[in-house]
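Okay, here's what each chain looks like letter by letter:
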Amino acid sequence: MKYVTLFIIIFVLWLLITFNIEIPNLIVGAVAALITSLVFGRSFLKDSKKFFQPHRYFWIIVYLFIFVWECIKANFDVAYRVLSPSMPIKPGIVKTKTTLKTDIGKTFLANSITMTPGTITVDIIDDEFYIHWIYVSSKDPKVYTDKILGRFEKYLKRIFE
Amino acid sequence: MSNTISIIFFIIGVVFDLFGCIGLIRLPDVYNRLQSATKSVTLGTCSILFGLFIKYGFSAIGMKALIAIPLLFFVSTVAAHALVRGSYIFGTKLWDKTVIDDYKDVQK
Amino acid sequence: MIINLLLYVLIGLSFFCFFRVVFGPSIADRMVAIDIFGILVVGICSLLAIKTGRLFLIDIAIAWIVLGFIGTLTLAKYLTGKKLDE
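Each protein sequence line maps, in turn, to chains H, W and E.
Sequence positions in the first sequence follow our numbering and run 75 to 235.
Sequence positions in the second sequence follow our numbering and run 513 to 620.
Sequence positions in the third sequence follow our numbering and run 261 to 346.
Take the hints with a grain of salt, since some may be wrong.
Unchecked claim - With a cut-off of at most 30 Å between alpha-carbon atoms, the simulated DSS-like pairs for lysine-lysine come out as follows:
id : chain 1 : residue 1 : chain 2 : residue 2
1  : H       : Lys169    : H       : Lys147
2  : W       : Lys616    : H       : Lys221
3  : H       : Lys175    : H       : Lys231
4  : H       : Lys175    : W       : Lys616
5  : H       : Lys228    : H       : Lys171
6  : H       : Lys216    : H       : Lys228
7  : H       : Lys231    : H       : Lys180
8  : H       : Lys180    : E       : Lys342
9  : W       : Lys616    : E       : Lys342
10 : H       : Lys221    : H       : Lys169
11 : W       : Lys609    : H       : Lys171
12 : H       : Lys147    : H       : Lys164
13 : W       : Lys609    : H       : Lys164
14 : W       : Lys567    : H       : Lys169
15 : H       : Lys124    : H       : Lys164
16 : H       : Lys164    : E       : Lys311
17 : H       : Lys221    : W       : Lys609
18 : E       : Lys311    : W       : Lys609
19 : H       : Lys171    : E       : Lys337
20 : H       : Lys216    : W       : Lys567
Hints listed in this document are in silico derivations from the structure and should not be mistaken for laboratory results.
Required output: the full structure, derived from the provided sequences and hints.
If you want it as structure tokens, here you go:
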């Protein structure tokens with residue numbers, strides 16, 4: 075099952091990149107996808123049947139819009155901090171806890187955090203995220219956990235769990 | 513029409529790249545430089561690639577530009593994460609006005 | 261015409277990165293600058309593809325993304341002080 079899912083993904087990616095559907099191209103793509111999925115299939119996702127549940131794709135699209143909006147806000151925020159003459163930065167590394175369980179959910183959460191206003195994930199140990207923050211606005215763990223993680227966690231929980 | 517829109521996207525992208533590189537020069541330590549550089553430069557380059565997609569539409573080159581966008585996102589976030597962790601373990605000092613450092617306890 | 265101007269701006273920005281590579285106080289600064297330079301080259305490639313009309317340059321951009329990623333990961337691994345196969 076894992077192997078079939080990985081094969082389909084790689085083959086579709088190949089078709090999109092080369093963008094023609096002549097017979098030789100299809101054969102080369104199929105062979106390359108077959109070899110790749112046989113080699114790397116073992117370390118692919120654990121439960122790949124989630125790929126075939128359509129309601130997850132709806133939440134992915136919702137999440138995509140929210141993510142792009144946050145990303146644009148992040149850029150204006152960073153641009154403001156860089157360009158203003160007094161440089162209003164107050165950096166620090168804070169510790170937060172997540173409620174997500176699966177590995178892929180944590181991966182996506184860490185990537186989203188890295189792309190949003192002034193935060194970079196430094197390390198993940200079990201369910202604790204260590205985050206470098208360019209402007210530490212409060213030292214209360216509840217407040218900043220909600221501020222950094224809260225925006226994405228509820229959507230990611232619907233997508234991956 | 514699509515030409516004009518794509519040129520607007522190019523200009524936005526180059527302006528964000530400019531902000532990112534000014535941050536690379538101005539900010540005080542590695543971690544803050546990485547903050548400015550990853551976000552602004554990545555979004556700027558993604559904007560340039562999206563302009564390319566709008567100019568050429570659903571052709572071979574447009575699809576390639578569209579595929580490069582998520583690739584660039586994942587690549588730059590993972591690279592930023594690896595660089596931050598590596599430079600912390602290497603022992604690069606945080607800026608002296610840093611407010612709080614929880615990660616110190618983990619690394620001892 | 262405007263694409264020419266944007267290309268000059270991007271090439272000027274790569275000199276900013278070059279400044280950081282030469283005068284960076286620590287090793288990590290230089291690595292960050294190299295990483296950012298790699299992302300700027302992707303933008304330069306895609307603008308050149310439009311300016312010259314040689315559309316294979318976008319393939320080079322995609323290859324540059326992946327190779328820059330591997331290079332940065334290797335450098336970061338060197339910073340943590342472990343062997344490359346751990």
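For a C-alpha distance cap of 30 Å, please report whether W:Lys609 and H:Lys164 respect it. holds (7 Å)
Would the pair H:Lys169 and H:Lys147 pass a check requiring their Cα atoms to be no farther apart than 30 Å? This hinted pair holds, its Cα atoms lying about 23 Å apart.
Hinted pair H:Lys164 and E:Lys311, Cα distance within 30 Å: violated (42 Å)
Below or equal to 30 Å on CA atoms is what counts here, so check H:Lys175 against W:Lys616. holds (25 Å)
Taken at face value, is the distance from the CA of H:Lys231 to the CA of H:Lys175 at most 30 Å? holds (9 Å)
Quick one, are W:Lys609 and H:Lys171 close enough, alpha carbons at most 30 Å? holds (25 Å)
30 Å limit on alpha-carbon distance, applied to hinted pair H:Lys147 and H:Lys164: holds (19 Å)
Check whether the Cα positions of H:Lys221 and H:Lys169 lie no farther apart than 30 Å. holds (13 Å)
Taken at face value, is the distance from the CA of H:Lys164 to the CA of H:Lys124 at most 30 Å? violated (42 Å)
Decide if the proposed pair is consistent with the structure: E:Lys311 and W:Lys609, CA atoms, cutoff 30 Å inclusive. violated (46 Å)
Measure nothing beyond the straight line between the CA atoms of W:Lys567 and H:Lys169; if it is 30 Å or shorter, mark the hint as holding. Answer violated: W:Lys567 to H:Lys169 is near 44 Å, above 30 Å.
Between the alpha carbons of W:Lys616 and E:Lys342, is the straight-line distance 30 Å or under? Cα-Cα ~20 Å, so holds.
Violated hints, listed in ascending order, are 14, 15, 16, 18, 20; each of the other numbered hints is respected by the structure.
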